[in-house]
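Undergrad: With chain A fixed as given, assemble chain B onto it according to the hints.
Chains as they are written, first to last, in the working numbering: chain A, 1 to 149; chain B, 1 to 160.
Heads up, some of the hints might be wrong.
[Said to hold, decoys possible] Pairwise CB distance ranges, derived in the manner of DEER restraints: (1) Gly108/B <-> Pro119/A: 36 to 42 Å; (2) Arg127/B <-> Val76/A: 47 to 53 Å; (3) Ala148/B <-> Lys58/A: 27 to 33 Å.
[What the hints assert, rightly or not] One side of the interface only, derived from the structure: several residues of chain B facing chain A at Cβ under 7 Å: (4) Leu31; (5) Ala32; (6) Asp60; (7) Ser64; (8) Leu65.
Treat the hints as calculated values from the structure; they're not laboratory data. Ideal Cβ positions, reconstructed from N, Cα and C, are used throughout, including at glycine.
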Amino acid sequence: MLLQNAVGDALNNTEWAFALAECVHIGGFAVGVGSIALVDFRMLNLGLRYESTGRILKYTELWTVIALLFVVFSGVALFLSQTDVYRVNPIFPLKMYVLAAALLYNFTIHRKVAKMENPPPLLNRLVASVSLLLWVAVVFGGIFTGFLV
Amino acid sequence: MDIARSIQSIDFLTAFSESVLAYPIVLSIHLACIALFGGMILATDLRLLGLTFKSLSITDVVTSLRPWKRIGGTIMIAMGLLLAASEAEKYAPNPFFWTKMIILGLIGVHALVFRPIVYSKTEELDRSPIIPTKAKVAAILSLCLWTAMFVMGRLIAYWD
Numbered sequence: 001m002l003l004q005n006a007v008g009d010a011l012n013n014t015e016w017a018f019a020l021a022e023c024v025h026i027g028g029f030a031v032g033v034g035s036i037a038l039v040d041f042r043m044l045n046l047g048l049r050y051e052s053t054g055r056i057l058k059y060t061e062l063w064t065v066i067a068l069l070f071v072v073f074s075g076v077a078l079f080l081s082q083t084d085v086y087r088v089n090p091i092f093p094l095k096m097y098v099l100a101a102a103l104l105y106n107f108t109i110h111r112k113v114a115k116m117e118n119p120p121p122l123l124n125r126l127v128a129s130v131s132l133l134l135w136v137a138v139v140f141g142g143i144f145t146g147f148l149v
Numbered sequence: 001m002d003i004a005r006s007i008q009s010i011d012f013l014t015a016f017s018e019s020v021l022a023y024p025i026v027l028s029i030h031l032a033c034i035a036l037f038g039g040m041i042l043a044t045d046l047r048l049l050g051l052t053f054k055s056l057s058i059t060d061v062v063t064s065l066r067p068w069k070r071i072g073g074t075i076m077i078a079m080g081l082l083l084a085a086s087e088a089e090k091y092a093p094n095p096f097f098w099t100k101m102i103i104l105g106l107i108g109v110h111a112l113v114f115r116p117i118v119y120s121k122t123e124e125l126d127r128s129p130i131i132p133t134k135a136k137v138a139a140i141l142s143l144c145l146w147t148a149m150f151v152m153g154r155l156i157a158y159w160d
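One chain only, chain A, in its complex shape (with noise of 0.2 Å):
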């Protein structure tokens, strides 16, 4: 209670740190999930087909991971900011319900496929279309969470 009210006061209190705090919750996303979804497209196919899916991987995995804990984190600053709004919140929930699912799928099954040397194409291509769409939906989630605030 007392680290959601410091940090609830801080936003609250100075003029630029919530706009801050929401610059770094999106900057963080376009770094993080723009990572994923080019392993995505390696994966569908559609980009950088040069270079194996692994290999796109392991260039962009340190990005994805760093960008996430930003959007986490600034994600959390922002809640904490307007727990009782959140609380109410219709829509707040099931955003979470859907990062948890994004983030467990990105860092087990779609991780494990990427690295297999030879996937199937049909296998390929479904866990990249379900990481696209598991993302875009947290991107809808957050904007309609912030429109029904």
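TA: Relative to the frame of chain A, chain B by itself:
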């Protein structure tokens, strides 16, 4: 202000801004494009700087992502203009909105200047033993412009 009012009074734009679902859906598409295609801009710029994707040639990165960046950019700008036009009266006096439009214009200038000497000359860049300065300048400017673009986009909501 009159022009702004007449823009947002266009029937379909009025219907759009009054719809509970249409506005957040279009905004979500706008942001989803930032996530999906912003990563491609970043990948291109970082490759031009020699910071990542080194086992891929500059040509591979630039040309294979080009069509998707075009499609993504078109959707992103179309959705953005739709959002702005539907609330033209609110946007017209907003300095962050106009700053964002100026940056969008500068991104166009960036493309005009660097396409003929960098983005259309990727094979020449790949043949060069070190990445030429002009390519690095193009990448750094692109990163700065797109960062400013998205920060301005967020700040639009904070002006009143």
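Undergrad: Each hint: holds or not?
TA: These are the hints, each one checked on the structure:
no. : hint                              : verdict
1   : Gly108/B <-> Pro119/A: 36 to 42 Å : holds (40 Å)
2   : Arg127/B <-> Val76/A: 47 to 53 Å  : holds (48 Å)
3   : Ala148/B <-> Lys58/A: 27 to 33 Å  : holds (31 Å)
4   : Leu31                             : holds (5 Å)
5   : Ala32                             : holds (5 Å)
6   : Asp60                             : holds (5 Å)
7   : Ser64                             : holds (4 Å)
8   : Leu65                             : holds (5 Å)
The structure fails none of the hints (numbered hints given earlier).
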